[in-house]
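Based on the sequences and whatever the hints tell you, model everything.
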Amino acid sequence: MNFKLKIWRQTNAQTPGKLVDYDVRDISPHTSFLEMLDILNEQLLGRGEEPIAFDSDCREGICGTCALTVNGEAHGPDHPGAVCELYMRKFRDGATITIEPFRVGAFPIVKDLVIDRSPLDRIVQAGGFISARAGSAPEANSILIPKHDADLAMEAAACIGCGACAAACPNGSAMLFTAAKVSHLSLLPQGYPERESRVLKMVRVMDAEGFGNCTNTYECEAVCPAEISASFIAKLNREYARARLRKSAGE
Amino acid sequence: MIGTLDPKIPPGPLAQKWRSHRDHSRLVSPNNRRKFDIIVVGSGLAGGSAAATLGELGYRVKCFCFQDSARRAHSIAAQGGINAAKNYQNDGDSVYRLFHDTIKGGDFRSREANVYRLAEISNNIIDQCVAQGVPFAREYGGLLANRSFGGAQVSRTFYARGQTGQQLLLGCYQALCRQIARDTVRMFPQTEMLDLVIVDGQAKGIITRSLCSGKIDRHAADAVVLATGGYGNVFYLSTNARGCNVTATYRAYKRGALFANPAFTQIHPTCIPVSGEHQSKLTLMSESLRNDGRVWVPKRKEDRDKPPGEIPEQERDYYLERKYPSYGNLAPRDISSRAAKEVCDEGRGVGPGGRGVYLDFADAIKRLGEDTIRERYGNLFEVYEKITGENAYKVPMRIYPAVHYTMGGLWVDYDLMSNVPGLFVIGEANFSDHGANRLGASALMQGLADGYFILPNTLPNYLASQMGKRPSPDFPEFENAENEVRARIERLLTVNGTRSLDSFHRELGVLLWDQCGMSRHEKGLRESLQKIPELREQFWRDVRVLGSDEDFNQSLERAGRVADFLEFAELMCMDALERDESAGAHFREEHQTADGEALRDDEHHAAVFAWEFQGNGQPPKLHREPLRFETVHLTQRSYK
Amino acid sequence: MIVAITGMILILFVIGHLLGNLQIFIGPHWINGYSQHLRDLGPLLWAIRLFLLTAVIIHIWVTIHLAIENRRARPEAYIDRRYVKATFASRHMVMSGLIVLAFIIYHLAHFTVRVTDTRFTLLKADPLGHYDVYSMMVYGFQNYFVSGFYVLGLFLLALHLSHGSSSFFQSLGLNDKKLTPRLALGGRIFAWLLFAGYTSIPLAILLGLIKPAQQL
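In order, the protein sequences belong to chains A, B and C. When we follow the numbering used here, the leftmost residue of the first sequence carries the number 1, and every step to the right adds one. When we follow the numbering used here, the leftmost residue of the second sequence carries the number 1001, and every step to the right adds one. When we follow the numbering used here, the leftmost residue of the third sequence carries the number 2001, and every step to the right adds one.
Simulated from the structure, these hints should not be mistaken for lab results. Among the clues, some could well be false.
[Claimed, not checked] Examples of chain A residues lying across from chain C (beta carbon under 8 Å, computed):
no.	residue
1	Y22
2	T98
3	N171
For each residue, glycine too, the CB sits at the ideal point set by N, CA and C.
Structure (structure tokens):
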């Protein structure tokens, strides 16, 4: 298969970037999208041009490192799935494919298609954890958790932290990411003691990092590789309202 | 330099060793802990849990990872589960049984005392992870659920869908985040360790390069902990993440740390087969699939291109069930992998190139219904469909073995300290617990045991004597190490040859896979030992690395790693040649039983092989640590 | 959240307003009586008007504020952009909202302050001094341009509400995975029912189904 590629090239955060045209030929339909870029990079190297920088690591859709906007969709057209799970058989032969980075103000571009997603780490640092010192945990089966709650918590916890939700959101909002963590931990009894302070702190940091606001377009859940449901955003809103009310009630 | 290798195993009966060792180890008092700087390299299950726990205890920790976030370490990709001897199923499990299964699974090439400790701690890990909010699978009554895994006859594996590694890693990532917020841990993402600094014979710092800015930095500390994972990517194609590398442990080796059992590399039986030459990685299908899937190939060669549905039951060879009736499809990894290779070598393999076997769920779907199978393995089936375009609910999966885990690693004593004082090695990066073959769901267990429970208890034993001995990063040792790092980067950028990094790496991978993969023999290994230096020499003459060192440069970072693989591969083949026996994953064709099983040589090789670097171009020196078995009996492993 | 609550207040008003207006189909007596009834509330009517005005101002003020933040959250736009799930309505809430605002201002000027159509002053009050709202509406809507603008305004209002009404539940966290799609569908049905209800009045007038109660 042959493709025409339009790829975003940008030296660093300070210099403006632009789309550059490339051609790739004789790609097997069983090639993954990132392998197609590997092949292009080998060709560029052969011509003495600097390879295109793009992030990837596990290449099986779980580490959340890869982050490309393909034809205007975060992670490309094969939802749900990270762009490393996208295969060339999903495209027409001869198609033109536009590749851009995740565009979110809070994720500055490092180089070409590589972005800095440290704001997501800082949201978790604000409170996305359960304080449990190693050595002082009670016997595991002493905490009974209904299967339904455990399953729901797992659904939320499946987030891979790729940032596609913010990339796809018309407003560049990271609500789905934050909601997933808040929901995971507040659905479990172990998470109750820090339930209110957690949501208040995480939301505060999320806003401070410069993400936009949720206007309930649900574009985030449509592109989420881990299929996190936007109903967790409702859960986040609920948790937040509850925490604010209880805080103002002085409890 | 090194006399006899002393693993410093505490005296006393096996079951008492760990307790009595802790009772007699030295401690660092709480108000003194903040006076110690600890470097932790790696933020996976081992590194992340160690950094978080040491931070919680009050040490000042610096944690480094090459990924852009600690949460992306490759532990995240572990699918199946984590073992623990809880015996929640009332099926006869115990600490002793987990210990025994692990020793036996490792084909009697691991230390009894370490493995027993691991089995003991396994239960604490589950408690700890549940307390952190890891959403393990549960039964309707709210209790924790278990599944079975290869190499065991009890159901002791805890799991979170097919994403157990992810959930455990996020648990320890979150604990780490908490410490970062408390300022006890400073995190350095996208920072790669390029050398270890030794001052007065002790590990006292590292040299790093920022992958974003290219800045080289010196970090001094009171102790250095390596948790940098395995070296499976030496084979180019493996189930490891693209970034996984041997650089940190190999650099430590070149600074005097012993590298133990590098030839022990695990080939995982259930991976998606290779589909083309540009493939960049192999994807694992969790071993848990073997609980419900049946492995088979056609009985006759001629049937191998037929659609599987057209091959009648009596024409199928369920070879694992046939050869190992009591473990069946749950035979250990090394055995299952070799059995798959064997049937493919006989020409009965299926799929492109005849390198694949079927993993068939038709019976399980008939017995349990598609919904149950979907609930258990839904995400794995989705992954399979994405990669191959096939629906495994309708047609059997095709699988083939792939490099997955490396049991070898830096040599450590009972305290997880290498022969270089102050250098601790944990998780997959060390060699300690899995012997010649690791059982499924034990890697997560070991990483977390090391990080949460063992290192925090053994590190003070060293630190107690190190108060105030932290060197300044201005010491000449740091300067020398930094200069060497800079010179090497300079050299990589100035070769300016014609070949790409990947072409070298791929060539090395093919060579190793053929000669030092699932089965090895003397002739092949000797040939490889000739070819690897040639390839390395060609690399330094003809590799092409573009861009600058003061910038985000992915080619440059990978170039350094490939260069190290090219040296390390030689050590691996040397070890495989030296170990003139078959043991677990290390299968020497010269040493097999009449029915093709691994044949150990306990008399001569019941030992850890630990290699000491002697200088570039010099053959390394071999040290042997004899393995003493006081509790278990050495037997021929049988899973029949 | 503030947007959701003020939005819901305005939605409730829109429902009430529609129910009031639909009385036109029953006859002049009903709707004129209703209008007089409202006017008889006196200060209470002003209190309600003030309350609604406040809701409108807060609703707009906060959304504009949020919209500016949202713009800032993506300083460099995508060159190629494709949406998978976000509807047209959900992506253009500010636009539809602002046009609806313009429509409301015109609507108030048209029927409440009655400055746009001088003929309305010619309408005679009944013996009790009650204003003939019925005829005012009929004359007002007989103009194709006026009716057309009303239909357009109502169309955008419906678009706005087709997203806004179910969004309310999401923002306040009053839903879950099962309810969300149902609420979204319900919201759309609700919005287009409102549209049908409101536009039925000018349409009926244009089609001559409703005639003025008095000649000018």
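Results for each hint:
1. Interface restraint check for Y22 (chain A): the shortest CB-CB distance to chain C comes to about 15 Å, outside 8 Å, so the restraint is violated.
2. A distance limit of 8 Å between C-beta atoms decides the matter here; for T98 (chain A) the minimum to chain C is near 4 Å, and the interface restraint holds.
3. A least Cβ separation of about 4 Å between N171 (chain A) and chain C falls short of the 8 Å threshold, and the interface hint therefore holds.
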